[in-house]
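Listed below, chain by chain, are the residues.
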Amino acid sequence: MRRITERDQSALAEFYDQYGALVYGMTLRVLQDNTLAEEAAQDTFLKVWNQAERWDASRGKVVSWLLTIARFTAIDRLQKEKRQAPPSSVDIDEMHGLGEADASLGSMAALDAEALRELLRQLPAEQVQAIELAYFQGLSHSEIATATGQPLGTVKSRIRDGMRALRGMWLREYE
Amino acid sequence: MTTGNQTKYTSECDELSALLPAYALGASSPEEAARVRELITRCPDAEQELAQYAHLTGMLAETVTPVTPPPSLRASLLAKVAAESAPSEASAPPAPATAPAEKVIPFPVQAAPRRAFPWRIVAAAAVAIVVLSNVYWAASLNAAQEWLASLEQQQGDVVTLLSADGVQRLVLSSTTGEQALAVVLWSPDQETATLVTNQLPPLSDDLTYQLWLIGDAGPVSAGLFRTNDAQQVAYAFDTLDGLTSYAAVGISVEPASGSTAPTTDPLAVGAVDALDV
Chain V
1 MRRITERDQS ALAEFYDQYG ALVYGMTLRV LQDNTLAEEA AQDTFLKVWN
51 QAERWDASRG KVVSWLLTIA RFTAIDRLQK EKRQAPPSSV DIDEMHGLGE
101 ADASLGSMAA LDAEALRELL RQLPAEQVQA IELAYFQGLS HSEIATATGQ
151 PLGTVKSRIR DGMRALRGMW LREYE
Chain U
1 MTTGNQTKYT SECDELSALL PAYALGASSP EEAARVRELI TRCPDAEQEL
51 AQYAHLTGML AETVTPVTPP PSLRASLLAK VAAESAPSEA SAPPAPATAP
101 AEKVIPFPVQ AAPRRAFPWR IVAAAAVAIV VLSNVYWAAS LNAAQEWLAS
151 LEQQQGDVVT LLSADGVQRL VLSSTTGEQA LAVVLWSPDQ ETATLVTNQL
201 PPLSDDLTYQ LWLIGDAGPV SAGLFRTNDA QQVAYAFDTL DGLTSYAAVG
251 ISVEPASGST APTTDPLAVG AVDALDV
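Chains as they are written, first to last, in my numbering: chain V, 1 to 175; chain U, 1 to 277.
Read the hints as simulated data drawn from the structure, not as lab findings. Among these hints, one or two may not hold up.
Said to hold, decoys possible - Computed Cβ-Cβ distance ranges for the label pairs, DEER-style:
no. : chain 1 : residue 1 : chain 2 : residue 2 : range
1   : U       : Asp205    : V       : Asp8      : 55 to 61 Å
2   : U       : Asn228    : V       : Asp8      : 56 to 62 Å
3   : V       : Thr35     : U       : Thr41     : 41 to 47 Å
4   : U       : Ser72     : V       : Val128    : 32 to 38 Å
5   : V       : Thr154    : U       : Leu203    : 26 to 32 Å
6   : V       : Asp33     : U       : Asp205    : 46 to 52 Å
7   : U       : Ala256    : V       : Leu46     : 44 to 50 Å
8   : U       : Glu191    : V       : Ser10     : 54 to 60 Å
9   : V       : Gln9      : U       : Gly218    : 37 to 43 Å
10  : V       : Asp17     : U       : Asp205    : 58 to 64 Å
11  : U       : Leu203    : V       : Thr5      : 38 to 44 Å
12  : U       : Gln190    : V       : Asp161    : 52 to 58 Å
Stated by the list, open to error - DSS-like mimics (lysine-lysine), calculated; alpha carbons at most 27 Å apart, straight line:
no. : chain 1 : residue 1 : chain 2 : residue 2
13  : V       : Lys47     : V       : Lys82
14  : V       : Lys47     : V       : Lys61
15  : V       : Lys80     : V       : Lys47
16  : U       : Lys80     : V       : Lys47
17  : U       : Lys80     : V       : Lys80
The C-beta atom is built at its ideal place from N, Cα and C for all residues, glycine as well.
Using the sequences and the hints given, assemble the complete structure.
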């Protein structure tokens with residue numbers, strides 16, 4: 001990363017080789033379209049190129065930072081494609097800030113991806129759907145309600161209950 | 001959404017606990033997000049709970065299956081990077097008219113005391129987010145003029161200011177979106193400036209808006225203000241050493257008696273650099 005800050009183009013190439021598939025996987029998940037996903041993936045790496053100095057090791061894993069940028073870049077593009085107003089309550093640096101709070105986890109073991117997939121499999125499908133719409137599409141409660149035709153209260157409950165259940169399962173199993 | 005004047009500690013923290021999952025996901029409405037920021041400092045377990053939700057949210061990214069992109073993507077990316085690096089390094093910052101999607105205000109919800117919020121970084125970053133494009137300003141100016149006409153009787157001097165020559169206009173943008181929340185009108189030869197807006201929601205009686213002038217020494221209070229019954233504000237304030245001695249102007253929500261330094265994160269910020277003084 002430091003080399004990228006120093007405008008070392010070969011460093012960016014190496015970075016892309018290491019993380020390109022993860023980024024493209026994310027943008028594809030959000031956009032569900034090859035062309036748009038490729039553009040969003042490219043934009044993500046361009047942002048890394050132009051803003052590398054914003055990341056440092058105290059900010060946690062570079063993968064998390066990178067995937068947050070990828071997700072928001074893709075969501076942004078999704079909003080443009082749908083000609084929607086950008087979500088007004090989602091702030092990318094706020095999301096970065098939240099993700100950096102690992103130190104506050106206390107004695108909890110960090111969760112890994114496979115464990116989380118397993119936990120997700122145990123949730124009711126409609127809760128997973130609501131969570132994924134919020135996360136991968138960047139939708140707010142009311143936007144999810146509109147998209148799914150569900151009442152707002154139902155959407156809020158599903159997200160809250162689903163996330164609480166995940167947290168509960170995590171606390172019980174991985175403490 | 002608040003429970004009136006009830007500030008029972010337990011119920012507030014229960015309320016917060018219910019809001020945290022969506023907040024970590026980014027699914028909250030702006031009101032819910034503001035509520036979380038307001039309550040988070042008052043509930044001791046909330047920081048850790050939020051960190052756990054944030055961790056879960058962050059891990060969702062890693063549940064995505066990697067997909068190898070086409071080789072053309074790599075080639076295209078590297079070609080772009082090479083092309084961008086070729087011209088002079090003295091290139092200007094990216095055209096502000098596109099108002100980039102990253103809202104560049106670090107907003108870490110940490111265990112550190114609330115007052116450690118980096119308002120100085122806000123001042124520097126505000127340059128990147130405040131856009132004073134002509135089209136944008138025209139829309140605000142029209143809107144401002146329309147409702148200011150209704151204030152004319154009480155606040156005749158504000159209307160005069162708005163149409164006077166030499167009046168500088170500084171737009172304060174929302175920190176959670178790209179919309180303008182307020183405008184500061186200022187004549188450089190005057191010691192007072194006026195904050196006008198009809199975009200701020202009314203607050204409960206135990207809270208107030210506070211205006212801050214942000215300079216090298218951090219934020220300095222420029223006083224407290226409230227919205228009137230028509231949700232309008234025309235607040236005249238002393239610019240102390242003149243607006244250009246500061247880097248930015250900000251608005252935060254504070255307890256009704258005000259605070260000596262901001263205790264909540266800014267609702268709106270405007271960079272003084274963006275004035276065409």
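Structure-inconsistent hints, enumerated in ascending order: Hint check: nothing fails, all pass.
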